[in-house]
Amino acid sequence: MIKISHLKKSYGVGESKVDVLKGVDLEIGAGETVALVGKSGSGKSTLLSLMAGLDRPDSGAIMIRGKNLNQMSEKELTLFRAQNMGIVFQQFHLISTLTALENVSLPLMILHNTEAEQKARELIDEVGLSHRSGHLPSQLSGGEGQRVALARALASGPSILFADEPSGNLDEETGERVMDLMFDLVKKTKTTLILVTHDKELAKRCSRIVMLEHGSLV
Amino acid sequence: MIFNLFLIKEFKKYPFFFILISLTLLLGIFGIAGIGVVSEQVTSKLRQNAKELLTSDLVVSARRELLAEEDLSLSQIMARHPHRKYQVIDIYSMVKHVRTDQIRLVEIRCIEEGFPFYGHLSLKSGIFKTNGLYLSQDLSDLWGGQVGDEFKVGEKIFSNLGIVTKDTSQGLRGFSLAPRIYLPLSLVKDAGLLKEGSTGSYARHFRVPNFSQQDFLKLQQEILKALPDAAIRVTLPQESSEQTARVLGLLTDFMSLAALIGLILSLVGIFYLYQSHLISRLKDFCLFHLYGLSKKDIVLGVIGQFSIIFFSVVVGMSLLLIPIYEMVQSQLSSLIGMELATTLNLFELLKSMPFLYLLGVTILIPLLMGLLRTPMGAQLKAAKISLGTFRFYDFSPFFTILLSYSVYLSHSFKIGSLFFVSILLVLGVSTLVIKVTQIVFRKIFLRRPLNVYGLEIGLASRHLIHSGHKLTLSFLSLALGTTLISLVLQLDSLIQKEFTLDEKKPSLFLFDIQEEQLPDLLDFSRSFGVRLEGVTPLIRGRLDRVNGMKFTRVPENSTVRTREDEVESRTKNRGINLTYRAGLSPSEKLLEGEDFSSSKNENESLTFVSLEERFAKRMGLKLGDKITFDIQGVEIEGIVKNLREVKWTSFYPNFFVNLSPGAIDEAPKTFLAVLPKDFHHKKHAYQREIVRRFPNVSLIDVEELMLKLSSIFEKARQAIELISWLSLIIGLVILYGLSHDQVYRRYFDIALLKSLGLTAGQIRKQLIVEFGFLFILAASVGFLIGWLIAITIGIQIFKLSWSVDLYRMVVPAVSLSIMCLVTILVASWRAVAVRPRELLSDS
Ligand SMILES: Nc1ncnc2c1ncn2[C@@H]1O[C@H](COP(=O)(O)OP(=O)(O)OP(=O)(O)O)[C@@H](O)[C@H]1O
Ligand SMILES: [Mg+2]
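Protein chains in written order, with our numbering: chain A, 1 to 218; chain B, 219 to 1061.
In short, the hints are calculated from the structure, not lab data. Bear in mind that the values here come from a model prediction, so they are computed numbers and not experimental data. Don't be surprised by glycine CBs; every beta carbon is placed ideally from N, CA and C. Check each hint, because a few of them may be wrong.
Said to hold, decoys possible - Partial list, computed: chain A residues near chain B (C-beta under 7 Å):
#: 1; residue: S49
#: 2; residue: D55
#: 3; residue: L77
#: 4; residue: T78
#: 5; residue: I87
#: 6; residue: F89
#: 7; residue: H93
#: 8; residue: I95
#: 9; residue: P107
#: 10; residue: M109
#: 11; residue: I110
#: 12; residue: D164
#: 13; residue: M211
Based on the sequences and whatever the hints tell you, model everything.
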């Protein structure tokens, strides 16, 4: 599903140059759930952003479903990501002027799905928010917001779901419930999950744990 | 400590904010300060030159020669003080250049030995002699007149003895209607120019050595008392420059108002920038508060910060303005037609700054009140921090200062408050349009799928619906800018239309026709194959009493006066020209009351009076008032029967006061007439013949006059337009700041849309749809309001007729919207092009 080899990434130039990833190799099979752990600043988010095509590596290759992300143009990459990946962020990042339902239907509409709205309704229903579908993000609680974000990430039926500390901004109990929901949905749809987390308990729920240290996996 | 927190640290952390605020402020005050400086330079120059303009210490003048007994009383008063004197007569007459056979209307300045006491007449070469005339440089340029050339003035031919290159008694070159010729007074009588009732001014100039200002004022009062006829004016130097100052003053007042719009735009920008800055600083403020800084300290800190920005901007502006002024000083001088000082008076420059500072601080009051209303302790726990709300009345200090400042700038309660109301109108209409649009959009877009009209439009519409007053602010700044531009453009096109020659305008305007000449003139014209129109008698008179109350002379030297006061005192002091006429002329329209013919005259001795509407208003006269006129010593009683509107730009003979025929027909008079447009081709030949046969009759070439007038208007318009564009540039800079801020506030939204699969092109399309719609709407509102104001001013003040110049409305509106869109695209380019990696970082 995902195959990464000799991945390198650094920020800045000259004196202030930081080598974040110094040659990462990683292979993840379809349907796997992988927890990516490591100290703060170890490069977890960086690795995630490269895998999701949100940023470009300095060198090395990222193959996803047999396609090399490096060889895609910005436009191809955008389309590829929309079709194959979903992302959940720590800060939810919902569009503040769109309702919950519109936020969820957005990725489907971008892909010109003709049943976008109906599908989005099903998803909203599945995350238990049908009574909130017409509300704006500012009218939702944190947990509700992250559930909407989760529904949005899964809306286009991606084969991979990336999540960067999805429960980081939620209180323990709410976070746990949203994570339950996420694992349920991932299992049901057989989606590959790559989850960045500091939470050891949460990491243990994944089928595999990889640890990032000093720029490479251990 | 506060200083450090609010200034040094802040500046290091938010350089972009400070630069943008300073730039906005700089542009805003630059226009006002620049115009203020130039108008100060002009008025101080005029004040300095007042004596040179008048040429003497005191002038007694009238539009007629003094009567023998008046002359006697004047001499008796003056005999008590050692003095020197000369007489100056200014008349308008046709002059022919014999060699080239060219004819034109010329102002003939008849002077005596000793002229001028102050200032000088410079000759190109040689000295003044008394056996010929002298051409002004303008006229010599126009005619190619040389020394030795012969000119026919009145019935005589004089030879040109020299060319006057400089005349310090001439206020503004280029603003006078006819070029000058100088003629020794002794020769005037022979030329037969001084016919009874000729248009001219007769002045006696005095120089009284060792007299103080106080003495002159006393002398002035004494003479006024001895010569009670309101037609006689007694002028001191400082009053003589007022006329010129008035012309320029009106222009600079309007320019200042245009610049004030620029300032208001920049204040809108400052309000917006500060608001978004305060929101992003709020968390830190809460922390300051937690560590012991009171809210008041924080507010004071912000005010202090703004004050220091303002101060630095003023310093920067002065440093900028001084060299700029020195650079353009010579062009400016030649444009205005007056030698301006080469260096700036820094004090004048800084005089208006306190006002501007107050405007700046008061626009921040609503935000600062919001800050005071913010529950700072609670904010730290909240998930989203928000600034306390401000109320509408928080703006009242700002609006109060704005109103007084516009009155101050325009020197007129009427214009100032009209301006203020227009601003409020734009503000109100803008808010209304935004609110209505949002409601309509809600109906159209909400509750329907996001992509029914295309995804980009769906996203754009949601933004338009949910953005609050930020949207209104950017809309407002654009609408204000376009209102101004539209106003200038539309007013200009209205005025230009008025000053073009159409079929209805005459080609020649004849005046100073003597009563006994009229039959000959009409005969001659008939034999020449032309038909004179609008032959109208002109009779000099004076308003003596209204309903038994005496009209008194208003003292001219009262203290502070607005423009309205000035107009009033000028008209009340002047004698008036009137005519008798049975009905209305084609360029007159009855407004109130009834026609002379339709009302019966029960009382034989009562004459009917028709007044021009605005004249009546100025003089405080109403329908039914009984007015007693003094027509050259004879009292005539009349009753106001109607008020009428006069279209002065028709160039037909019209008067403020028309009497019914009968009572004054026998009074001494001259006649006015026009040559209709149909005889345009015969104009020159006719003009030549008239000058030959009736040398005292003057002709105005209406076509030429209109060219002259429109070129004066053109100059004024260009000046105002320049300022308008400055305002517009300010608007664009602010728009840049605003949209930059808005786009960066949406930074994460944009990144997110990209992560979800929208391309940069699609996101730009969304921004174009959103902002493009907003701009086109704002520009339409602005252009519509601008046009409405222009029409109102045109109809109400200039009595122009209704019209719309669509081309000047649509083209600038569209090109402006495009300019704004480009601004938005430039401001957002980087944000849109960025890779969405930032979504994963914590902030
Ligand atoms: N845009 C950037 N420019 C410069 N340095 C960066 C940038 N983004 C990240 N870094 C640096 O790269 C390193 C890795 O950052 P990254 O965000 O991947 O860490 P992380 O493992 O996700 O940490 P955390 O657990 O705190 O989220 C850090 O030292 C960070 O300072
Ligand atoms: Mg991270």
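Problem - Interface restraint verdict for A/M211 against chain B (beta-carbon cut-off 7 Å) - result: 19 Å, violated
Practice task
Verify the interface restraint on A/D55: the C-beta must sit less than 7 Å from at least one C-beta of chain B.
Solution key: Where the cut-off is 7 Å and the nearest Cβ of chain B is about 4 Å from A/D55, the hint holds.
Practice task
Would you check whether A/P107 satisfies its interface hint, that is, whether its CB is within less than 7 Å of any CB in chain B?
Solution key: At about 5 Å, which falls below the 7 Å cut-off, the nearest Cβ of chain B leaves the hint on A/P107 intact, so it holds.
Problem - Hint status (Cβ of A/S49 to nearest Cβ of chain B, threshold 7 Å) - result: A/S49 check passes; min Cβ-Cβ to chain B is 5 Å, inside 7 Å.
Handout entry: chain B contact restraint for A/F89 - C-beta distance below 7 Å
Key = 6 Å, holds
Problem - Status of the A/D164 interface restraint (C-beta, 7 Å, chain B) - result: 5 Å, holds
Problem - A/T78 as an interface hint toward chain B, with CB separation required under 7 Å - result: 6 Å, holds
Problem - Hint status (Cβ of A/I110 to nearest Cβ of chain B, threshold 7 Å) - result: 4 Å, holds
Problem - Hint validity - A/H93 Cβ closer than 7 Å to any chain B Cβ - result: 5 Å, holds
Exercise for the section: Let me know if the C-beta of A/L77 comes in closer than 7 Å to any C-beta of chain B, holds or violated. Expected result: 10 Å, violated
Exercise for the section: Would you settle whether the hint for A/I95 is holds or violated, based on the nearest Cβ-Cβ distance to chain B being less than 7 Å? Expected result: Cβ of A/I95 sits 6 Å from chain B, so the hint holds.
Exercise for the section: Please verify that hint: A/M109, Cβ, nearest Cβ of chain B, below 7 Å or not. Expected result: With Cβ-Cβ at 4 Å, under 7 Å, it holds.
Of the hints listed earlier, those the structure fails to meet are numbers 3, 13, in rising order.
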